[in-house]
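From just these sequences and the hints, can you work out the full model?
Residue numbers (the working numbering), protein chains in the order written: chain P, 2 to 251; chain B, 19 to 389; chain Z, 424 to 644.
Treat the hints as calculated values from the structure; they're not laboratory data. Quantities reported herein were computed from a predicted structural model and do not represent experimental measurements. All residues carry an ideal CB built from backbone N, CA and C; glycine is no exception.
Pairs of lysine-lysine residues, derived as DSS-like cross-links and limited to a Cα-Cα distance of at most 27 Å, are as follows:
{"no.": "1", "chain 1": "B", "residue 1": "K389", "chain 2": "Z", "residue 2": "K559"}
{"no.": "2", "chain 1": "B", "residue 1": "K101", "chain 2": "P", "residue 2": "K68"}
{"no.": "3", "chain 1": "B", "residue 1": "K325", "chain 2": "B", "residue 2": "K287"}
Computed beta-carbon distance windows for the label pairs:
{"no.": "4", "chain 1": "P", "residue 1": "P52", "chain 2": "B", "residue 2": "K389", "range": "57 to 63 Å"}
{"no.": "5", "chain 1": "B", "residue 1": "E72", "chain 2": "Z", "residue 2": "I636", "range": "40 to 46 Å"}
{"no.": "6", "chain 1": "Z", "residue 1": "D579", "chain 2": "B", "residue 2": "A48", "range": "30 to 36 Å"}
{"no.": "7", "chain 1": "Z", "residue 1": "N530", "chain 2": "B", "residue 2": "L370", "range": "22 to 28 Å"}
{"no.": "8", "chain 1": "Z", "residue 1": "R547", "chain 2": "B", "residue 2": "G65", "range": "30 to 36 Å"}
{"no.": "9", "chain 1": "P", "residue 1": "D224", "chain 2": "B", "residue 2": "G206", "range": "53 to 59 Å"}
{"no.": "10", "chain 1": "P", "residue 1": "E234", "chain 2": "B", "residue 2": "N56", "range": "30 to 36 Å"}
{"no.": "11", "chain 1": "P", "residue 1": "S124", "chain 2": "B", "residue 2": "K389", "range": "53 to 59 Å"}
{"no.": "12", "chain 1": "B", "residue 1": "S379", "chain 2": "Z", "residue 2": "K524", "range": "28 to 34 Å"}
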Amino acid sequence: MRPRKPQFFLAISLIIIALPLAVHAADTPHWVHYKWLQNNPTLPKKVVVLPVNIEVVEVTAGGVEEKVPDWSKEASNSVFKAMSAAISRLGLKETATPHFSGATAANVDEHLALYKLVVNTASRIGWQHKIKRFDYSVGPGLREIADKTGVDVAIMVYGRDSVSTAGRKARAVAGNIPIVNIFTGPAPSLGHSYIHVGVVDLRTGDLLWMNSNYREGSTNLRDPDDATKMITEIFKWYPGIESYRKAYLK
Amino acid sequence: MNRIIGLVLTLFIVSGCATTGGVTSFTNAADTSSVRENEGRLWHEAGGFDNTIERSGQIYDDRRATDYLQGVMDRLYPEFKGKIHVRIYDSTQLNAFALPNGSIYFNIGLLARIENEAQLAAVLAHEAAHFIERHSFRQRVSAKNTSAFAVSGIPFSNLAAISSISGFSRDLEREADQKGYERLIKSGYNPLEAHKVFQALANEVRILGIQEPFFFSSHPKLVERIETFKELAAKHKGGGRTGAEEYNRFIQPIRLEALRKDVGQDRFKSVILVMEDQNLRRYYPAAGYYYLGEAYLRRDQKDDTQKALQAFKTTERLAPTYAPTYKRLGMHYMKIGNKGQALQYFNKYLSLASSDAQDRSYVQQYIGSLK
Amino acid sequence: MMIRKVSALLVLVAVLSGCAPTPYWTLTDGANKLAKSKSFEMIVPEGWNRTTAPDTWDRLTIDDKVQTILLERMTASRDGTGIHTITVTRRYPDTAFPAIKKKSNANMLPLEAADLYVSDLRKRTGLERLKVLSNKPVTVNGKQAFQLVMEFKNDDGLRTRMVSHGFVDKTGFYTINYRAPTLYYYERDYSDYARLVRSFRQLKEAFDPPPEIPGWAKLFT
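Listed below in structure tokens is the structure:
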């Protein structure tokens, strides 16, 4: 009997410490606007996807970053296709993105820039009252698109793919080898990819739903399979109203 | 273990083997369509910077001056017309830089310092030579190679990496000097003006202890530029277009704007340096004395208040319709308790300043408090 | 015995971590809308988060040297400081405009203070392209003050607007700032900001001698 007692104390102590962590682990990765948490929200049936911009940069062994425009275009196309497939699987109808020019294009660009700022802040906000009543917006300035397309909801995306060159990968291998890494230096970080997706009410600007996916390592957003995996993971939580309610409102 | 080390070292050697050789200069605009792959990426990145600079409101909006600069560039390099684009950059730093895609940016600070068209042409010819000789691509290729071996690589992820903003290697700078000089002569400009730009800049850098990145980046590089151009010009018999009158007609408003911005950024030393030197000052409009007064007030050393007052009085005499002078004089007399003079100057300001002048409501308030 | 000691220590840590010190942020509601610092107080709009206690120092790089500057600053935000903020700051006379190394004095006119403030802001932020849209005389807490409206665009082309109310007296330089994207946010919350400005009051403790720089901060001064 005697030898078990100390282990019993240890087990209880660990449970006491782990409990808050266990509660935290019930959090969801996505965000839902408080209007959707009300009873019987009207979920969209049709959406328009605003211009997708995935920036791909290649990083060399020495940390030189070089934007690769062809790859960026490829990645944007892959993500757009993955998005279209995901939208279809969710039973939503995708309306073609209208062509923007002049003042309209400038307005859309500025709203995309605002979206980037809002999403970067909102996704990191630790304030409980904001989590419980998520009410972020990009404002009603995109109403014109709703008028033009007859669609009330848009999907806004931005993301980045950081790809390592062969030389950087070789340095990473060397950097993990003892003694060798005295000469080569520590292993540099390899690539990472992230995508932020938001569902936005075009008439009010309300950020109705939001989720993002971040991956370290060799994810390649030009690869349709990798893009599909990341988008699928993001939309797994759509609309996720009940899970959000359970996690934060009860 | 030995096999792994061997493989890693082989990968290093292989990745370091790319050379900088085999890059030929462009001969005309059509040539630039031969840009491929890695260089194409640089061009696209440069295009991205063009968009960012425009989108973030950093272009100086003066159509006439911009067209004038473009005209000088097209005179220097007619075979590249439509490919080399000159824009004015809204910064008082002493800088001009070229991007690999043929975009050339010329800061208002540097424009304000230049005396004539020949000096402008010397700088434009040099910057365009960087583009034509593909220096950004040549230097970046070698930077990528050497950084593969560097233990702590230096990131070149910003504008400085692909532009001439920080200066290129000594060899590439010399090449740009030589090629730019040849163009200067060929276009009929007086090459004896070329070294004067760098002379003036070197003087300013030395006196002010300028550290920020600027044209040619460092004093030793400027001194080298001066010597190079003097050597080249020594072989020239003389003569050629100087274009002082035309240059000053377009650039005069920019000079005053550069002074205003320098004061607004607390760069009062630059303003004092320029306006106290009669050789430099002669190209500035008389209203420049107002900014000299403001600069003295910012410096706030012994006797600076008196010097400022004197500068404002000089502006009153030489540029009697320049409204801000009267606001400042009014404030001075208000502070020393001379109500009569203060009211006189404030009323003069209101009569001259535009209806939407920013300081109008302050002056109206001062008048109200004095009455 | 050892395991029991370790267990006890772990429990102690868990319990103590539940007795956290004062949180950095306080959510404003009807009962606590008066936010007080040592030198000033103001009414913060309901639903805004604000710093519970003022920040009392700032670390700035001036001419490549890191400096510790004493000040008093309270911050409020409704949606997160990444999007927008209201900041109320008192700077002491000797470090009123730290980036341009200028002091304030009681005889300084609001227009003079506004000019120095803009230069200081441009140098501190590196934003040469910060534009002044308007500058006019106003009153804050019965004192002659300036109201500046400024704007700049970031590299993505997003416009950010700032409005600053400021005044100078013998105790230093006071500013009340609101910064937000010009698109949607600035107009949406401007009236909340304006109410806060109207409620601002300088307290008599402002006239106490300024604090000394603590010993640790002198390493950075």
